[in-house]
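Visitor: Going line by line, the protein sequences match chains A and E. Counting from 218, one number per residue, gives the positions in the first sequence under this note's numbering. Counting from 419, one number per residue, gives the positions in the second sequence under this note's numbering.
In case anyone wonders, no lab produced these hints; they're calculated from the structure. Keep in mind that a hint or two might mislead.
Keeping only pairs whose Cα atoms sit at most 25 Å apart, straight-line, the calculated PhoX-like set for lysine-lysine is [what the hints assert, rightly or not]:
| # | chain 1 | residue 1 | chain 2 | residue 2 |
| --- | --- | --- | --- | --- |
| 1 | A | K438 | A | K410 |
| 2 | E | K516 | A | K334 |
| 3 | E | K424 | A | K341 |
| 4 | A | K314 | A | K334 |
| 5 | A | K438 | A | K411 |
| 6 | A | K355 | A | K342 |
| 7 | A | K334 | E | K632 |
| 8 | E | K530 | A | K335 |
| 9 | E | K508 | A | K314 |
| 10 | E | K425 | E | K632 |
| 11 | E | K632 | A | K335 |
| 12 | E | K508 | A | K342 |
| 13 | A | K314 | E | K632 |
| 14 | A | K342 | A | K410 |
| 15 | E | K530 | A | K314 |
| 16 | A | K334 | E | K424 |
| 17 | E | K425 | A | K342 |
| 18 | E | K424 | A | K355 |
| 19 | A | K355 | A | K341 |
| 20 | A | K341 | A | K354 |
| 21 | A | K411 | A | K341 |
| 22 | A | K354 | A | K314 |
| 23 | E | K424 | A | K335 |
| 24 | A | K334 | A | K355 |
| 25 | E | K530 | A | K341 |
| 26 | A | K342 | A | K314 |
| 27 | A | K355 | E | K425 |
| 28 | E | K530 | E | K508 |
| 29 | A | K271 | A | K438 |
| 30 | E | K425 | A | K354 |
| 31 | A | K354 | A | K335 |
Residue-level listing of the chains:
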Amino acid sequence: MNLDTGKHAIIRLFNVTKHYGGKPALQNVSMDILPGEFVFVSGPSGAGKSTLLKVLYLAETVSDGQILIDGMNLSRISPARLPYLRRRFGMVFQDFKLIPTRTVFDNVALALEVAGKKPGFIRKKVMHVLRITGMEKKAHVLPPTLSGGEQQRVAVARAVAGDPEIILADEPTGSLDQESARRVLEILLAYHKKGVTILVASHHLRQLEAMVTGRSIVLEKGRLASATRLDPYTV
Amino acid sequence: MTRYIKKALADIRSNRFLNLITMVTIALSILAVSLFFLFFENLGRVLDGGDQTGRAMVYLAPEFSEAMRPGVESAVQDMAGVVRVTFVSKDQALARLKNEMAGSTQFLDTLKENPLPHALEIQIQTRDGFEQMAAAVEQIESLEMVESVEYGEKWLARFLHLFHLFRMTGYMLGGLFLLIAFFITASTVRLVFYTRQSEVEIMRLVGATDRFIKMPFYITGVIQGGVGGILGLLILYVAYLLMGSGVSRIMGDLFDVNVRFLSFTAMGGMLGASTFLGWFGCYLSLRQLLK
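If we strip away everything but chain A, and leave its shape as in the complex, we get:
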């Protein structure tokens, strides 16, 4: 952890440890992530990648250590403030986490509805992000009728709809074919270029690393094993 970069970091982890029933999932992980950075978190299954993202959006609380998001200490955040913190994140999951009984439009609109946006604004914004993700024509279908790649693009559309400062993507291409994975990554890359901070946890990083400038962090048995800067790549 660099103290100088830390001053400007949007995400700071200080000796973060997380245990599940005495078994460590993260051990003394410290790192700073700067605004607009693209960070890849890799490592074998069970290395703690998903846990790292979960403690960031407070799906799990840390057993020890501290996390600061834009200077806000997550251990001190009240349950009532938690939803407002989460609205600053856009989240993408391997299993998409779409509501099967709601249309594509409604799934994406949810991210704006929870923030209390007006219906007119929601309509325009949802159609805009669906256009960007190439899902505009599928706005009124139900997610189960879509392919995995399409569902993930809807999930990405929902993640970016609220103009988040940080996007956390947990194995976003894990269950997708190569072409679908490429399209999802292109969308994330487009938002990265707009200045959004992105953390992608995946154990298939070759394709990702070949597309973007960023930082690669490797976790092993819950510990930070290495951190390398990736070479610039022009898509």
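Got chain A sorted already, so can you dock chain E onto it with the hints?
Guide: Frame of chain A; chain E shown alone:
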């Protein structure tokens, strides 16, 4: 709020079966409770419309003379609960006895002296129950010139106790039905919640507040309660239309009172209770589920 209402209606549509079960359960409970209300409202009208007084005979002492009559009559009349006082002289009493015994009055003709006492026939208010009558009788008995008072206390006490027991049973059964409806509503909310648990989890992940999650459930509960209440009252009204005329005829013959449907106040009360029931079932379930 419009958004929450739309969401609640969409939720009801997507969980038609469970919502229908809840509404029917509330409807049946409201039907049962309304039936009790209908019965007690009409019974109340019978009691209001009928004679709410008890009859008692005040037997006067042998020393009583006609000259004392105005004083004794007014003393009895002034007692709390006494509605009417009629003097029955010993001669009138004997004439009545002869009249009632019809053909077997020869032995009465052999009497040298009239053995019957002067008496006061009184009507006592019984609206507030047997105790009111007993208290009035006790006061009358303490008066000078009063020998004894007879008012069929055993029969009256039994009747009044039976009536109170019946009313209490009605209230308890009504409360029980509402309680059952409440538990079923709360359980159904739980079932609906479990079917939507992943949806709620997703809502939370994208930053939904508890209020955002709960409001559609509450509105659904209010709709379920309201619709269930209306349905229950409608079923009762249809049953009333189909059977009311027959029951009315019997009631008319017996008590000179027609059966009427629930008053607007009672219907409003039932509807309010069912709506509250729907909301409260939701409230308690969600309080536990969203801890």
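Visitor: Look at each hint and say if it fits the structure.
Guide: Evaluation of the provided hints:
no. : hint             : verdict
1   : A:K438 to A:K410 : violated, 32 Å
2   : E:K516 to A:K334 : violated, 95 Å
3   : E:K424 to A:K341 : holds, 20 Å
4   : A:K314 to A:K334 : holds, 22 Å
5   : A:K438 to A:K411 : violated, 34 Å
6   : A:K355 to A:K342 : holds, 15 Å
7   : A:K334 to E:K632 : holds, 18 Å
8   : E:K530 to A:K335 : violated, 106 Å
9   : E:K508 to A:K314 : violated, 98 Å
10  : E:K425 to E:K632 : holds, 11 Å
11  : E:K632 to A:K335 : holds, 20 Å
12  : E:K508 to A:K342 : violated, 102 Å
13  : A:K314 to E:K632 : holds, 20 Å
14  : A:K342 to A:K410 : holds, 19 Å
15  : E:K530 to A:K314 : violated, 109 Å
16  : A:K334 to E:K424 : holds, 16 Å
17  : E:K425 to A:K342 : holds, 20 Å
18  : E:K424 to A:K355 : holds, 22 Å
19  : A:K355 to A:K341 : holds, 15 Å
20  : A:K341 to A:K354 : holds, 14 Å
21  : A:K411 to A:K341 : holds, 20 Å
22  : A:K354 to A:K314 : holds, 21 Å
23  : E:K424 to A:K335 : holds, 14 Å
24  : A:K334 to A:K355 : holds, 23 Å
25  : E:K530 to A:K341 : violated, 114 Å
26  : A:K342 to A:K314 : holds, 20 Å
27  : A:K355 to E:K425 : holds, 21 Å
28  : E:K530 to E:K508 : holds, 14 Å
29  : A:K271 to A:K438 : holds, 16 Å
30  : E:K425 to A:K354 : holds, 24 Å
31  : A:K354 to A:K335 : holds, 23 Å
Consistency with the previously given hints fails for numbers 1, 2, 5, 8, 9, 12, 15, 25, ordered from lowest to highest.
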